[in-house]
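In the order they appear, the protein sequences are chains A and B.
Numbers in this note's numbering are just positions in the first sequence, counted from 1, shifted up by 18.
Numbers in this note's numbering are just positions in the second sequence, counted from 1, shifted up by 5.
Hints should not be assumed to be uniformly reliable.
[Claimed, not checked] If you want the ones that stay clear, here's a sample from chain B, every Cβ over 10 Å from chain A, calculated:
(1) LEU96
(2) ILE143
(3) PHE173
(4) LEU175
(5) ILE192
(6) GLU226
(7) ILE241
(8) TYR249
(9) LEU255
(10) ALA269
[What the hints assert, rightly or not] Looking from chain A toward chain B, a few residues come up when the C-beta cut is under 7 Å (computed):
(11) PRO90
(12) ALA91
(13) LEU94
(14) GLU115
(15) LEU119
(16) GLY120
Worth flagging that the hints you see were computed from the coordinates, not collected in a lab.
Note that this is a predicted model, so its numbers are computed, not measured.
We put the beta carbon where it would ideally sit given N, CA and C, even for glycine.
One-letter residues, chain by chain:
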Amino acid sequence: MALLELSGLTKRFGAFIALDDISLLIERGEVHCLLGENGAGKSTLCNLVFGVHRPDGGTMTLGGEPFDPRGPAEALQRGVVMVHQHFSLVPTMSVAENLMLGRASAVLKPQDIMVRMEQLAAEYGLEIDPEARIDELSVGERQRVEIIKCLLGDPQLLVLDEPTAVLQPDEIDALLAICRQVALRGKSVILVTHKLGEISRVADRTTVLRQGRIIETVAMDGADIRSLVRSMVGRDVQSAGSVLAAAVDVEGKTPAKPSDAAGPVSPGEAVLQISDLVYRDPHGVPRLDGLSLTVGTGEIVGIAGVEGNGQTELGLILAGLASPSAGAIVVGGTPVAGCTPQEITDAGVGIVPEDRHAVACIRELSVAENLFLGAIGKFSRFGLLDKSARRKAAEAMMRDFDVRASSPDVSMASLSGGNQQKAVLARELSLDPLVFLLAAQPTRGLDVGAIEAVYNRIRAARDDGLGVLLISSELEELMAVSDRIAVIYRGKLVGELAAGSFSREAIGAMMSGHAHV
Amino acid sequence: MIDEQMAVFIGSGLRLAVPIIFAATGEMLSERAGVLNLSLDGMMLMSAFTAALASWATGSPLIGVAAGVLVATAVAGAQAVLSVTLRANQLVVGIGFNILALGSTTFLYREIFGPLSRDPIPGFAQLNLPWLAHIPVIGSALANQTGLAYVSILMVVVTWLILKYTSFGLAVRAVGEDPRAADKAGISVARTRYLGVLYAGILAGLGGAFMSVADSNTFTENMTKGAGYLAITAVIFGGWNPWYTLAACLLFGFATALQFLVPALQLDVPVALLLLLPYLLALVAIAGFVGKSRQPSALTIPFERGG
Chain A
19 MALLELSGLT KRFGAFIALD DISLLIERGE VHCLLGENGA GKSTLCNLVF
69 GVHRPDGGTM TLGGEPFDPR GPAEALQRGV VMVHQHFSLV PTMSVAENLM
119 LGRASAVLKP QDIMVRMEQL AAEYGLEIDP EARIDELSVG ERQRVEIIKC
169 LLGDPQLLVL DEPTAVLQPD EIDALLAICR QVALRGKSVI LVTHKLGEIS
219 RVADRTTVLR QGRIIETVAM DGADIRSLVR SMVGRDVQSA GSVLAAAVDV
269 EGKTPAKPSD AAGPVSPGEA VLQISDLVYR DPHGVPRLDG LSLTVGTGEI
319 VGIAGVEGNG QTELGLILAG LASPSAGAIV VGGTPVAGCT PQEITDAGVG
369 IVPEDRHAVA CIRELSVAEN LFLGAIGKFS RFGLLDKSAR RKAAEAMMRD
419 FDVRASSPDV SMASLSGGNQ QKAVLARELS LDPLVFLLAA QPTRGLDVGA
469 IEAVYNRIRA ARDDGLGVLL ISSELEELMA VSDRIAVIYR GKLVGELAAG
519 SFSREAIGAM MSGHAHV
Chain B
6 MIDEQMAVFI GSGLRLAVPI IFAATGEMLS ERAGVLNLSL DGMMLMSAFT
56 AALASWATGS PLIGVAAGVL VATAVAGAQA VLSVTLRANQ LVVGIGFNIL
106 ALGSTTFLYR EIFGPLSRDP IPGFAQLNLP WLAHIPVIGS ALANQTGLAY
156 VSILMVVVTW LILKYTSFGL AVRAVGEDPR AADKAGISVA RTRYLGVLYA
206 GILAGLGGAF MSVADSNTFT ENMTKGAGYL AITAVIFGGW NPWYTLAACL
256 LFGFATALQF LVPALQLDVP VALLLLLPYL LALVAIAGFV GKSRQPSALT
306 IPFERGG
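Bound conformation, chain B alone (with noise of 0.2 Å):
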């Protein structure tokens, strides 16, 4: 009874997880080349949105992700033209772009499926790996998972990758830091950054696209709850390290399905309560490791070049 509780404890936490560890991993390349998207939580919601639409429409729900990367790399690429290019104020640039994604997707929602929003979109199925499923307690829980949620730990592993082992990933990490210094060099500033927001962008879209079309199949307003928010934390609680902040992405994930666990295990603990208690960690998270954590020395500040 227990072992089942706990599988589906871990289980919903991976898989609430997901959406934050695709998020998460796209922000922090984009971080480490100095581009912070406040605009995360709109990328996702435009992408989940999106991603929905386009299911319900052809009956794909591979052309339901493509469509809703598509969009959240669009959205990414004017985050990228606002604030690489023009040298706009990140942070404003960010909070503007997730008023409107929250205001259009809400509209649209309520333009287009108004009267269908009972209708279930077509959605991914678990793959039930069979070799993961043979695990004790975690096992199902590992196998039972829709496709996308080994894309997302794939997707920690290639960013790791790309600014270990490769010459882009050292000219990120450069911009992010010192972005005189890397032009010196010779590497094009604006160039490293754009690439580094459309990364996030795809990521973003991926997570987005997978809380419609392969966790809930359906769109809700508002679905995303602020997990772009959860992702910007997760970046800073991991210190802009991919497997510190895989962690915290997987922190926030259980925390969140508590709200499945505890009332399973019949403790009186209120559930809002529970639903608070993600926000409050990344809060603390915030509080406690902002100082400690260093971040990138040219986060958010526009490189404009010199003499």
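Next up, chain A with everything else stripped away, as it sits in the complex (with noise of 0.2 Å):
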């Protein structure tokens, strides 16, 4: 009998179906690998059975009993653990006191916890210095930390939320080992990853999902890696203009030409050059290692990756809100890695930053304030705001750029998502000088017809000879704008292709590290 059995699970977040009933057995002693894209659902259904969420429909049994934990608490107590994406660790206290947490006994028995770690160390080969501080842990060593606290409990089902994201080459094999210990000895272990050479190694069965569904689960014996990536990116789909085409038609609107996908390339002289770009975040973890690029005048250079593989940190270093460990930026002829975000604007570089709300505007001041947030001088008399000219001119701005909105002075947060970032664009576009433009996931969150307005101006920016580089997750979205798309793969780029040879297999392929399947 199988020891988890999901049947018909549904999670809604507001209108967005995050689960679309999901039905799946986890078999007893089985390293059973959940695999697929960024938003395909794959930590939704981790945080369903660890009931961090719950579900809206369907039914989940564990060990042939009803299984409905209304909390992380009460799957605790069934024998479920997890080890989640961001570590749930105390930096300030120790492994032992880390490992105490939350276990009844009115009085701390450090001894018994020794005792325990010893065991678990001779099983499983997990050792930990029990008095070492946490935050002087490396990352390792920290998620060793956390499958330890997972395993003090005897459980019967280990959930690994994408453990390997974060870890080196041979922690990654030492990660793996474990899994397959901890199935020999009878338990369950569900490991979420969107690599696919982990798969091969460890799964004995592995489930694809895709926008929140279930397309295929697969037995590891003689499973071909190439039919996985298929079913990960979605081959029915066959390019990023028909996606886009089809979803338009359903909202009745003219549907984009897939043949404005990629224009023509003539990429002229370097705008952007960056040269073994290095950065080490806090806890000296590398986060870009030494990636170089080089963007032209007229030309959108994409970016694609999994999530955390760099190019967050690339687009902060750009946007001047982060600086880098070694390496050199140049936009059009000025050095700029490690300046601020002022002295990066007026070297010509307009920025669409990633996260909208926390970066790209200020939600509670007006639209007008938003457009001219970096240019109040602009208005400005005798030291005194003209509000009217200010008014004049954004009203000019929002005609150009579509921002509908009543007028310009109500708050940017009574916008839609699409219209206030067409007021970002709107912004950056007209900034002057502009010879360059960073577009960061430009479109994460907006509908459809925001997207094309987003895709052609973008387009636009590239024909009137900017340099533009693009950083998005999603593929049909790189492969249907940029020029040329390069790979980033742990914080270097490790394969580039050109309009007209852009390939799902090869890009998905590259982005798991797997360059050659």
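From the two separate chains plus the hints, produce the assembled complex.
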């Protein structure tokens, strides 16, 4: 009998359907991998099993008994444990203290924990100094503590949500070995990943998720990695243009022609030159590891990659929100690495940041104020703000960029996501001088109409001779808009494709670190 | 002669430190759980008044202390509801309670005690422990204290033991550093923080009651004179460590006691200036130490469970 049975699980977040009718069996003693792109619903599925979220429909059974955890505490009681993407350890406390946290007994008994730690060390090779403080440990060691914490209570089911994303290769080997060990002892493991190499080494069976649905579940004996990639990225979808066309058609608008996906490429001189860019995060983990890239005038270069491979950091550094550890960035002859956002703007760089709400605009201020955030001086006379002049300029800009709002004086927060993004684009594309545009996840959370408008703006900017760097987690988007796609993996560019030779399979494989599938 | 003055100085320094020790020790635990009670001074003032009233009415200082602690704990409960459950701004809530405490105690004092304000309130006697009195110089200072003074030191020990050796103490530290992690480990963040704030309330209550029924045997308007704020400063000065916090409280106590010593030594320093000293010291301490000691990461940040 299967350990965990999911039948018809559905989860919605507002109007967004994160999981749609998921039915799945997890056998005892198996390592079951969940494979899928970002947003496919893998983490949501784990969170339902661990009781972080509750399903909107469907049922679960665990060991034959109904299973409906109302919170992590209940899941823990039933022997379900989870290692989260973000560690849940208290950084200022020792390993032993973290392991004792939440375990009943009025007076702490460190000796008991030490004994159990020694047992686990002997059983699984999970060794760690119990006295060490968490914030002194490496990421791999912290994860080991998480796993020890999970195994302390002798669980039935171990859920690991993208555990290898943060690990070095040798640490990944060790983790996969532990997964096999756990399964050997009759427990079950659910391992979420998007790395194909890991799946072929550790999984008994693999379930592929896409857009909240199960595409297929395959036993790994003799499974074909290529077909898994195809299931993951969706081969039935032929090109981004058609996705867009289909969606637009549903809403009764003119479909975008696939042919304008990639316009004629005649890149001129280099406008952005990045050489050997290195960035270490505050924990010392290298996020960018010697990245070099050139973007020419009149060219859109797309950066593809699974999230967490350094593209976010690249965007932050280009925007001046993080300082690189090493390397150079030159925009139109001006070195800008480590410069302030103001200096970068002055060098002619427009930025559409990844996090629209936190960075791109101030939601509480009006549209007009947001449109001229960096240019307040323009409407200042004798130190006083000329609001009517600003209002006029804002109205003109909103007309040009089709920002739909009842007036320039309404708050940014009252606009739809699409109109907010159009306003951000309007502001950035109206900068003077402007030679280069960074667009990081520019269509995230937007509806189809707005997406098309954003694409058209980016293409128009390219045609006007700007160099554009497009960072996106949407392959369709990159293939529809880019003249060139570079793939980032672990902080480095691992491959590059020119328009016309884009292949979903090839890009997907490079994104997963499998350069030669 | 000098010896005698030193003994008086040390004795009064200790006595003046006691309420701050109580309040700071409780506040330290609450802050380790992530809740800052700026209302500490209000809790003390309410307790001082209630203790005086109950002791005067019943003739028993013990009942006075119990009543004072009860009222301070009720204020702490209200502070907890606002800052933990309703996630209100902890600083604003605290200031509100302090204004309320000052206003209400002043009003009630005038209403109730107005004509009787000269009457002494039944209070605790000093214990005069003979085995302590034999210690040279500081012996009489240590021995001639009320029982509550010794309780304050005991509470420092108890608080230290709680934080270091109990699951509750571990939960407190976890909740103050990383409530999300604590929540995932199955700890109730809200419950832990409530208990932390109530603990601060009980100890602030003891400190306030000490002022009226153990130290001065009377109540005066605004008698805490910012002792609660000094206690909060002592927690920062002490780096959220019970023993260093105790040391900071003693420092404040002795700084206050200088106002008795300096005139006795016939030094020509204005007393008004000496009265300023503990507060000046607190400012200097905050300026010099805030950067260096690391406060609990989640201090004053309400917890909300996210996905």
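### Task
Run the C-beta distances from B/ILE192 to all of chain A and say if the shortest one exceeds 10 Å.
Violated: least Cβ distance 5 Å, not greater than 10 Å.
### Query
Taking the least C-beta to C-beta distance, is A/ALA91 closer than 7 Å to chain B?
holds (5 Å)
### Consistency of the no-contact label for B/ILE241, given chain A and a CB cut of 10 Å
holds (17 Å)
### 10 Å cut-off, C-beta based - B/ILE143 kept clear of every residue in chain A
Holds, since 35 Å exceeds 10 Å.
### Message
The output says B/GLU226 does not contact chain A. Does that hold with a beta carbon cutoff of 10 Å?
### Response
holds (43 Å)
### Task
Have a go at the A/GLY120 hint: is there a Cβ in chain B nearer than 7 Å to its own Cβ?
holds (4 Å)
### Query
Holds or violated: is the Cβ of A/GLU115 closer than 7 Å to a Cβ in chain B?
holds (6 Å)
### Message
Given A/LEU94 as an interface hint, is its Cβ closer than 7 Å to any Cβ of chain B?
### Response
holds (6 Å)
### Message
Using Cβ atoms and 10 Å as the threshold, tell me whether B/TYR249 really stays out of contact range of chain A.
### Response
The claim stands: B/TYR249 keeps its Cβ more than 10 Å from every Cβ of chain A (closest is about 17 Å).
### Assertion that B/PHE173 lies farther than 10 Å from chain A (Cβ)
The claim breaks: B/PHE173 does not keep its Cβ more than 10 Å from every Cβ of chain A (closest is about 7 Å).
#### Entry: Given hint A/LEU119 near chain B, where the shortest CB pair must fall under 7 Å
Holds, because the Cβ-Cβ distance from A/LEU119 to chain B comes to roughly 4 Å (cut-off 7 Å).
### Message
Please verify that the nearest CB of chain A lies beyond 10 Å from B/ALA269's CB.
### Response
holds (46 Å)
Hint compliance for this structure: hints 3, 4, 5 are not met, and every other hint is.
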